[in-house]
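Build out the structure end to end from the sequences listed, making use of the hints.
Start counting the sequence shown at 1; every next residue gets the next number (the working numbering).
FYI, nobody ran anything at the bench for these hints, they're computed from the structure. Accuracy of the hints is not assured; some may be wrong.
Claimed, not checked - Simulated DEER-style distance windows between Cβ atoms: (1) Lys73 with Pro25: 38 to 46 Å; (2) Asp40 with Ala142: 21 to 29 Å; (3) Asp37 with Leu160: 37 to 45 Å.
Stated by the list, open to error - Result set (EDC-like, lysine to aspartate or glutamate): computed pairs, CA atoms no more than 16 Å apart in a straight line: (4) Lys123 with Asp84; (5) Lys98 with Glu51; (6) Lys98 with Glu130; (7) Lys47 with Asp84.
Values in this document were obtained by computation on a predicted structure and should not be read as measured data. By construction, the Cβ of each residue, glycine as well, lies at the ideal position given by its N, Cα and C atoms.
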Amino acid sequence: MSKLLHKPFKAFTIYALIILACSIPVYYLVVDFIWLDELDEHNQIVKERIENSFNNTQIEESELNSLIKNWDKLQPSTILTPIDLSVPKPDSTYTITKQNRYVEHNEIDRFRVLSSYININGKLYHLQIETNVEETDETMFAIAVVTLLFFALLVIGFIL
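Right, dumping it as structure tokens:
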């Protein structure tokens, strides 16, 4: 009896292993898509908060120039620069990789960037917001561990 069940069990185990192994990159792509979408939403909220703060506060020109000059020190994840455009370009979002200057170790990180234009006191400014994306290798490792755990549970369930 055991030989009769041995062949289907072995075939099913190999099939399950292949399916679960193929699911790892799919899970990663789904999680990464959701994560980037949430970061885009976060960056948009930050943009609106900055724009509303400037528009709801009366700032004199000299004070505004001083604030813009020191903006990078006050808001390190954003860059605000005056721009000579009469019509703003559409917002764009993209992903870049670069060294994170706020950590001590030399590691390349992914950043999700929103490039937008805001109007402050009747002048157009280019606003760039960068948000660090969760580490890819950590996400892949976690998905692989969970997948292997499910595979082990599947095999143990058939053995017992």
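Each hint, compared with the structure:
In this structure, lysine 73 and proline 25 meet the distance hint of 38 to 46 Å, their C-beta atoms being roughly 41 Å apart. Between aspartate 40 and alanine 142 the beta carbon distance is about 22 Å. The supplied range of 21 to 29 Å therefore holds. Between aspartate 37 and leucine 160, the C-beta spacing of about 41 Å keeps the proposed range 37 to 45 Å intact. Between the alpha carbons of lysine 123 and aspartate 84 the distance comes to roughly 9 Å, so the proposed pair stays at or under 16 Å and holds.
About 27 Å separates the Cα atoms of lysine 98 and glutamate 51, which puts this hinted pair outside 16 Å; it is violated. Taking the CA atoms of lysine 98 and glutamate 130, the gap is about 11 Å. The hint holds against a cut of 16 Å. Proximity of lysine 47 to aspartate 84 is assessed by CA-CA distance (about 20 Å); at most 16 Å being required, the pair is judged violated.
The structure fails hints 5, 7 (numbered hints given earlier, in ascending order).
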